[in-house]
Amino acid sequence: MDDQFRPGPRPTPRPARRGVAVLVSALALTVTGTLAACSPETGAPAGAPSPAADQKDGTPGEVWSTGLNGDGQLGRPRNDVDVALGPVVAGQGRHLTDVVAVAAGDRHSLALTKQGRVMAWGANANGQLGNGTGKPSFAPVAVRAPGGASELQDVTAIAASGGLSMALRRNGSVVTWGSNGHGQRGSGSRKSSKFPTLVRSATGRGALTGVTAIAAGDHNGLALLRGGAVVAWGSNRAGLLGDGGGRDRGLPGPVRGAGGSGRLAGVAQISVGSKHVLARLGDGRVLTWGANDRGQLGDGTGRPRTVPGAVADPGGGGLDEVTFVAAGGKHNYAVHRDGTVLAWGDNANGQLGNGTTKPAPRPVHVAGTHTESLRGVSRMGAGQGYGVAVLVGGSALTWGVASKGQLGSGNRVARTRPGPLVAAKGARISTITNLAAGARHLLLLVRPRGTE
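For the record, in the sequence shown the residue sitting at position 74 is 97 according to this note's numbering, with numbers rising by one throughout.
Hints listed in this document are in silico derivations from the structure and should not be mistaken for laboratory results.
A virtual CB, placed ideally from N, CA and C, is assigned to each residue, including glycine.
Treat the hints loosely; a few may be bogus.
[As the list claims (entries may be wrong)] Pairs of lysine-lysine, BS3-like flavour, derived with a Cα cap of 27 Å:
hint	residue 1	residue 2
1	K158	K214
2	K214	K137
3	K158	K217
[Claimed, not checked] Estimated spans, in silico, between C-beta atoms of each pair:
hint	residue 1	residue 2	range
4	G417	D121	12 to 22 Å
5	G289	A172	37 to 47 Å
6	G171	G93	20 to 30 Å
7	R360	T232	31 to 41 Å
8	D121	G305	26 to 36 Å
9	G170	T226	15 to 25 Å
10	Q115	D306	46 to 56 Å
11	D177	G276	22 to 32 Å
12	G276	R326	21 to 31 Å
13	G171	P471	31 to 41 Å
14	G170	G283	33 to 43 Å
Can you make the complete structure from the sequences, with help from the hints?
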């Protein structure tokens, strides 16, 4: 559920607090061009490298975090809430480094290392850290392989949402751990295991294979297959599985095509919200299905849909020329090929970034900090009631709810337009290469200084 803090009038800008360094002082809004960035949870555009290359920006970095920290999801044992960015600490004061991708759930976090290992920290009541203990951890711990005898290895992509964690392995199989009340671990059973388990095939005989990208929802999982087909499993509330029905499924099954015809194909990227799903096609169109009570399907109707249907554009036609999508709790973002961002759905906390708190059942443009439209965006993240954009130059902006410090703005004041992040204790942040927006905490992957 979104934090229902409703911002008042936009406050007069004030200088950053003492002891806090501004991360982005000005927005470079003149950068445009075709973008083909992808998120660690979703997939690759048509013709792009494999998910492994997708998640790995080329230079391993270190992880910084901000927001809610009640279960240690920020990776440092101090405040319950941090309003400014600080480093994840791997032990003995060392920063967590050699990381190529990050993922964030409700109260836990994941990091993929350049060696193909997965580290996890935060809440662990449902086994979402994958280390077999059930105990929370403020410091990163290694995720174990199925059976627990060794560490999980050969991972190329990770995803997390709610209490669920997922990993894609180099051989095209998928491993899951954490919550399983709706069969979201894809094992064919709702029984819990303290160690990771394999997602099985549709028949339950053998592992699901041929997977090129993964996406996690709070209660379901999706996988993008070679050729652009999508399979889904877990909760089918509000039609999340896209199969035209409403029954939960413990094993992967195909998502139907647009309007329920045939099977969905030609998909380049998938992203899952609270109770809805986005699929970006290789031709730049966007399909959605699931709940629509806040306009999150972007078709202007407010009616739920159990099979995929098209998102409208601001003029009422079909949205196209999209290079990247991100689904939040009940809102979404789409990066256009010109580097602008469109948003739709719930806006109670200003998460659409257009300077208002009015919901939008059709896409609207995200505003710039001081301009009509945000530009130069390479990738997006969407949490519960907030958004984050990484710009082509490697800086970042956030907007929406800030009650748990998730905007990293140095305060807990919501904002309805993009604004800068700050780093604690005068720290200086270099190029941001990737991100993960959890429910109420944010992770950023930062390139080490001296490697730009």
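* To do: State, for the Cβ atoms of G171 and G93, whether the hinted interval 20 to 30 Å holds or is violated.
  => holds, 27 Å
Exercise for review: Can you let me know if the beta-carbon spacing of D177 and G276 is within 22 to 32 Å?
Suggested key: Holds, at about 26 Å.
Is the hinted range of 21 to 31 Å satisfied by the C-beta distance from G276 to R326? holds, 23 Å
Within a Cα-Cα threshold of 27 Å, do K214 and K137 meet the stated pairing?
-> violated, 32 Å
Straight-line alpha-carbon gap K158 to K217, limit 27 Å
holds, 11 Å
Does K158 pair with K214 here, judged by a C-alpha cut-off of 27 Å? holds, 19 Å
**OP:** Determine whether the Cβ-Cβ distance between G170 and T226 falls within the hinted range of 15 to 25 Å.
**Re:** holds, 22 Å
_Distance restraint evaluation - G289, A172, Cβ atoms, bounds 37 to 47 Å_ = Cβ of G289 to Cβ of A172: about 40 Å, so the range 37 to 47 Å holds.
Open item on the list: Verify the CB-CB distance for Q115 and D306 against the hinted window 46 to 56 Å.
Closed with: Once the Cβ atoms are compared, 50 Å apart, the range 46 to 56 Å for D306 and Q115 holds.
inquiry  = Tell me if the beta carbons of G171 and P471 are separated by a distance inside 31 to 41 Å.
reply    = Given about 33 Å between the Cβ atoms, the range holds.
*Between R360 and T232, does the beta-carbon spacing fit 31 to 41 Å?*
With Cβ atoms ~33 Å apart, the hint holds.
Taking the Cβ atom of D121 and the Cβ atom of G305, is their distance within the range 26 to 36 Å? holds, 33 Å
In this structure, the one hint that does not hold is number 2.
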